[in-house]
Amino acid sequence: DTGVSQDPRHKITKRGQNVTFRCDPISEHNRLYWYRQTLGQGPEFLTYFQNEAQLEKSRLLSDRFSAERPKGSFSTLEIQRTEQGDSAMYLCASTEQAMNTEAFFGQGTRLTVV
Amino acid sequence: GIQVEQSPPDLILQEGANSTLRCNFSDSVNNLQWFHQNPWGQLINLFYIPSGTKQNGRLSATTVATERYSLLYISSSQTTDSGVYFCAVSRMDSSYKLIFGSGTRLLVRP
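Line order of the protein sequences matches chains A and B.
First residue of the first sequence? That's 20 in my numbering, and the numbers climb one at a time after it.
First residue of the second sequence? That's 12 in my numbering, and the numbers climb one at a time after it.
Chain B extracted, bound-state conformation:
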């Protein structure tokens, strides 16, 4: 099956700093999503980005499908950005079930 690797596994930032999270996947995919898991466990949708670049406020994401990676950029980080960021991919021939990476645990200090 598809393997999804996220890096770095842990990241500590000072408030106001910028960061880049990376997601590599081992095969072609039809769907890629970035999620933020809040302290209560809910997965919050950040981006649905099978390819290309999208921006939403301080966050942006780029997926280069031909090279099998995606990047999530966080600018001017805030303490509320803390949590776990997951990348997940799916394929049409696998019923679009999501395969998740192990996540990047981000701590933003005031």
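So here's chain A without its partners, still in its complex pose:
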């Protein structure tokens, strides 16, 4: 296992279009997190899965955002009717469900809405 993988690395889309991002966590990790990072800021939490259950969503996650982790493995994050304010780096992280909660991040998906 080479770590957390995200796809695509870059996405340019027109305002109003829908986009979907994928995250493949480290295989033995039960917990999966999505974060968003805008220019000059630290990443901010969006949502959290334990196995297939979505257990927490940030207020940053508007109704246009939806995330799934159907079989407790990979996860998808969809943004509907994209807006220019959605332009950001979207980061995925995973951790074990154990005492060691060190988080490992993927390479991120950089979204540009034009």
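Be aware that one or more of the hints could be misleading.
What the hints assert, rightly or not - Subject to a maximum C-alpha distance of 30 Å in a straight line, what follows is the list of computed BS3-like cross-link-like pairs (lysine-lysine): (1) A:LYS33 <-> A:LYS76; (2) B:LYS108 <-> A:LYS30; (3) B:LYS65 <-> B:LYS108; (4) A:LYS90 <-> A:LYS30; (5) A:LYS76 <-> A:LYS90; (6) B:LYS108 <-> A:LYS76; (7) B:LYS65 <-> A:LYS90; (8) A:LYS76 <-> A:LYS30.
What the hints assert, rightly or not - Beyond 12 Å from chain A on every Cβ pair, some chain B residues (computed): (9) GLN66; (10) TYR84; (11) SER105.
Hints were generated in silico from the structure; no laboratory data involved.
In this text, a Cβ means the ideal position worked out from N, Cα and C, and glycines have one as well.
Based on the hints, put chain B in the right spot on chain A.
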């Protein structure tokens, strides 16, 4: 929620110099990590250090949990050390979601 403050916000060093980055947090935490964000945006794990001291090559970190701060030391800096350094904390009662500071932007000049 927990507040995380990093200092300094920006740092310029000559190659070979040493530096100390600081992270203060406003409440008790179960996890603290230091990351280096490379120019392509990926967060590289440096230390998982809820408490105590760890060393990895030219880098070392110390967390004093009772006083709610952590320090990252970079010795004999190299140009490849340039980038943004983030401190992030989490708590068990918050699903271990990470709360990040605003980062320290380091530029090492040759």
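Hints and how they fare:
| no. | hint | result |
| --- | --- | --- |
| 1 | A:LYS33 <-> A:LYS76 | holds (26 Å) |
| 2 | B:LYS108 <-> A:LYS30 | holds (26 Å) |
| 3 | B:LYS65 <-> B:LYS108 | holds (23 Å) |
| 4 | A:LYS90 <-> A:LYS30 | holds (25 Å) |
| 5 | A:LYS76 <-> A:LYS90 | holds (19 Å) |
| 6 | B:LYS108 <-> A:LYS76 | holds (11 Å) |
| 7 | B:LYS65 <-> A:LYS90 | violated (37 Å) |
| 8 | A:LYS76 <-> A:LYS30 | holds (23 Å) |
| 9 | GLN66 | holds (17 Å) |
| 10 | TYR84 | holds (20 Å) |
| 11 | SER105 | violated (8 Å) |
Violation of the numbered hints given earlier is confined to hints 7, 11; the remaining hints are satisfied by the structure.
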